[in-house]
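Student: Residue-level listing of the chains:
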Amino acid sequence: MRDGRAQREVTLPRAIRGFVYGWAVSASCGALLAFTAGTVLSAILQRHLLEAQQSAQRLVEFNVGEAFGFAASLSLILADPSRRVSLTGPDIAVLLLAALAWFVPEHHGVYLATTLAGAWFLLGGRTDRRRADLGQIWLALSIYELWAKLVFKVAYQVIEVIEVGLIYRIGRLFYGRLGIAGASLNVRDDWSIVILEGCSSFHNLSLTGLIWLSILKIAERAVGPAAFRALGVSACAVVAINFGRILAMLPSHEAYQFWHDGAGSSLVALGSVAAAILPILVCVERDACRLSPRT
Amino acid sequence: MPTQPANLTPWARSGLAALCILLAVSVSVRSYAYWQRLAGGAPAWEASGQPVDLGGGATLPRAAAAPFTVRVAPCASPVAVDFLRASPYEPDPSLLGRPQPADRVFYVYRGRDLGTRFVTIRLNAIYLARLAYARLTGQDVPAADDLALKIIVPAGCEASVDQVMAVLRSADPPPAPSALYDRAPPP
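Keeping their order, the protein sequence lines are chains S and B.
When the first sequence is numbered by full-length UniProt numbering, its final residue is 295 and no position is left out of the sequence of numbers.
When the second sequence is numbered by full-length UniProt numbering, its final residue is 187 and no position is left out of the sequence of numbers.
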């Protein structure tokens with residue numbers, strides 16, 4: 001019987017074998033797509049249907065982070081048919097287990113799904129670079145959406161003392177009467193601002209890291225010294241923009257409203273995203289030009 | 001040609017089907033919760049007003065949760081008790097109560113001594129754990145305004161934190177708020 005089955009498999013027409021293998025890979029791609037899209041969709045639905053109202057700045061930032069993570073995942077799942085990720089039984093089981101996190105009634109908690117699946121794919125991707133790449137993107141997405149926010153909240157007092165201290169040192173160059181008390185800054189006796197989660201550079205940095213990694217994966221570039229330099233430039237620019245925004249809020253309540261809730265807030269969010277994208281984009285494009293010089 | 005064997009096809013197909021079903025169910029659950037919320041109004045996010053848990057089944061009424069001093073048997077000077085909220089955005093707990101350099105300071109949450117190192121991080125972690133629990137169990141009021149105790153045992157007093165807590169648990173009626181801030185400021 002065993003020999004007979006082996007004989008039948010060997011003698012299957014090539015067209016049928018191609019269809020069977022192709023369907024298996026399509027089903028694998030479909031499962032990966034469903035998992036990625038399901039995670040992002042669950043987080044978006046939870047945020048917009050069941051969470052408190054989002055401000056304009058958070059809307060811009062969050063959508064950009066998810067959009068880049070999703071685009072990079074799609075690129076890794078669908079691009080180059082000869083190197084697509086194929087799933088084994090344990091992979092499917094892990095994806096299904098991770099997908100239970102879609103039911104977590106908190107939009108950050110939904111990203112427990114990408115944490116589990118990302119860790120599994122990264123650890124099991126030593127022989128398959130595409131699996132490892134997918135694992136890295138999912139982990140970067142979950143770090144940005146969940147773990148960085150959790151770490152920030154747990155270590156808020158520690159992180160903010162450092163950040164506000166840095167802003168104070170820079171701010172003294174512009175404001176002679178700049179005062180500091182814990183996580184708050186003031187230039188007037190009757191007006192001060194407190195740096196909370198949304199105003200900290202901490203999340204902008206994790207967003208920068210996610211965008212940087214996504215662009216590298218979409219462009220199929222390896223991480224090298226030039227890419228790290230681009231990341232450094234982006235990080236410095238993003239922090240500088242955020243520090244500038246906080247210092248601009250200090251003089252008055254009107255200035256605070258403009259830079260915190262008004263058009264200035266959207267301007268800063270878009271500027272931060274541009275600062276995160278441009279350096280790595282220039283680096284990738286420059287490498288592409290070097291790889292294929294025109295005569 | 002991909003190297004996936006054909007006998008994995010049912011696995012992949014079943015996995016895809018199961019993921020689609022899970023996604024459909026999660027979207028349905030959220031849509032249902034959204035319509036329920038529209039019909040019933042958003043849950044109020046307000047202070048729970050729960051009493052302060054002193055551990056060992058003893059509680060202190062929320063109204064009594066203001067700084068006070070209490071006499072503990074072996075000590076000549078009273079022990080100061082302050083209350084701090086377990087939340088990331090509360091003032092630095094080390095600034096509360098203004099202990100003298102030689103005083104011993106204890107942080108107690110629900111009768112459990114939190115130690116003195118990384119107290120803010122521990123309090124933040126407690127806050128987040130309670131918030132996550134409230135979310136997962138579908139509680140409308142997250143009870144995230146839980147209070148911890150800061151106990152300042154004056155220099156020269158050898159009372160342990162357990163002794164102080166025993167006095168607090170047995171105090172009936174609860175100690176009245178007193179002039180904690182009359183203590184001399186640190187030099």
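Treat the hints with care, since some could be wrong.
[Unchecked claim] Below, in silico cross-link-like pairs of lysine to aspartate or glutamate (EDC-like), each with a Cα-Cα straight-line distance of 20 Å or less:
#: 1; chain 1: S; residue 1: Lys149; chain 2: B; residue 2: Glu90
#: 2; chain 1: S; residue 1: Lys153; chain 2: B; residue 2: Asp146
#: 3; chain 1: S; residue 1: Lys153; chain 2: B; residue 2: Asp53
#: 4; chain 1: S; residue 1: Lys153; chain 2: B; residue 2: Glu158
#: 5; chain 1: S; residue 1: Lys149; chain 2: S; residue 2: Asp190
[To be verified] The following label-pair restraints were derived from C-beta to C-beta distances:
#: 6; chain 1: S; residue 1: Val161; chain 2: B; residue 2: Trp35; range: 41 to 47 Å
#: 7; chain 1: S; residue 1: Phe258; chain 2: B; residue 2: Gln36; range: 37 to 43 Å
#: 8; chain 1: B; residue 1: Ala171; chain 2: S; residue 2: Ala37; range: 23 to 29 Å
#: 9; chain 1: B; residue 1: Arg37; chain 2: S; residue 2: Phe258; range: 28 to 34 Å
#: 10; chain 1: S; residue 1: Ala37; chain 2: B; residue 2: Tyr89; range: 31 to 37 Å
[As the list claims (entries may be wrong)] Which bits of chain B does chain S cover? Going by a derived footprint, with three or more residues having C-beta under 8 Å, they are:
#: 11; stretch: 51–58
#: 12; stretch: 85–93
Simulated from the structure, these hints should not be mistaken for lab results.
Think of the CB as a built atom: it goes at the ideal place given N, C-alpha and C, for glycine as much as any other residue.
Student: State for each hint whether it applies.
Tutor: We went through each hint and held it up to the structure:
1. The suggested pairing of S:Lys149 with B:Glu90 holds, with an alpha-carbon distance near 17 Å, which does not exceed 20 Å.
2. A C-alpha spacing of about 17 Å is found between S:Lys153 and B:Asp146, which places the hinted pair at or below 20 Å, so the restraint holds.
3. Pair hint S:Lys153 plus B:Asp53 does not hold up; C-alpha atoms about 24 Å apart against a cutoff of 20 Å.
4. A threshold of 20 Å between alpha carbons decides the hint, and for S:Lys153 with B:Glu158 the separation of about 36 Å lies outside it, so the pair is violated.
5. Our distance criterion of 20 Å between C-alpha atoms is broken by S:Lys149 and S:Asp190, whose separation comes to about 31 Å.
6. Separated by about 45 Å at the C-beta atoms, S:Val161 and B:Trp35 satisfy the suggested range of 41 to 47 Å.
7. A beta carbon spacing of about 38 Å between S:Phe258 and B:Gln36 agrees with the range 37 to 43 Å that was offered as a hint.
8. Checked against the given bound of 23 to 29 Å, the beta carbons of B:Ala171 and S:Ala37, roughly 58 Å apart, lie outside it.
9. Separation of B:Arg37 from S:Phe258 is about 33 Å and conforms to the stated range, judged on CB atoms against 28 to 34 Å.
10. For S:Ala37 and B:Tyr89, the Cβ-Cβ distance of about 35 Å falls inside the hinted range of 31 to 37 Å, so the restraint holds.
11. Counting residues of the stretch 51–58 of chain B whose CB lies closer than 8 Å to any CB of chain S gives 0, so the stated coverage by that chain is violated, three being the minimum.
12. Coverage of the stretch 85–93 of chain B by chain S holds in this model, with 4 residues showing a Cβ closer than 8 Å to a Cβ of that chain against a need of three.
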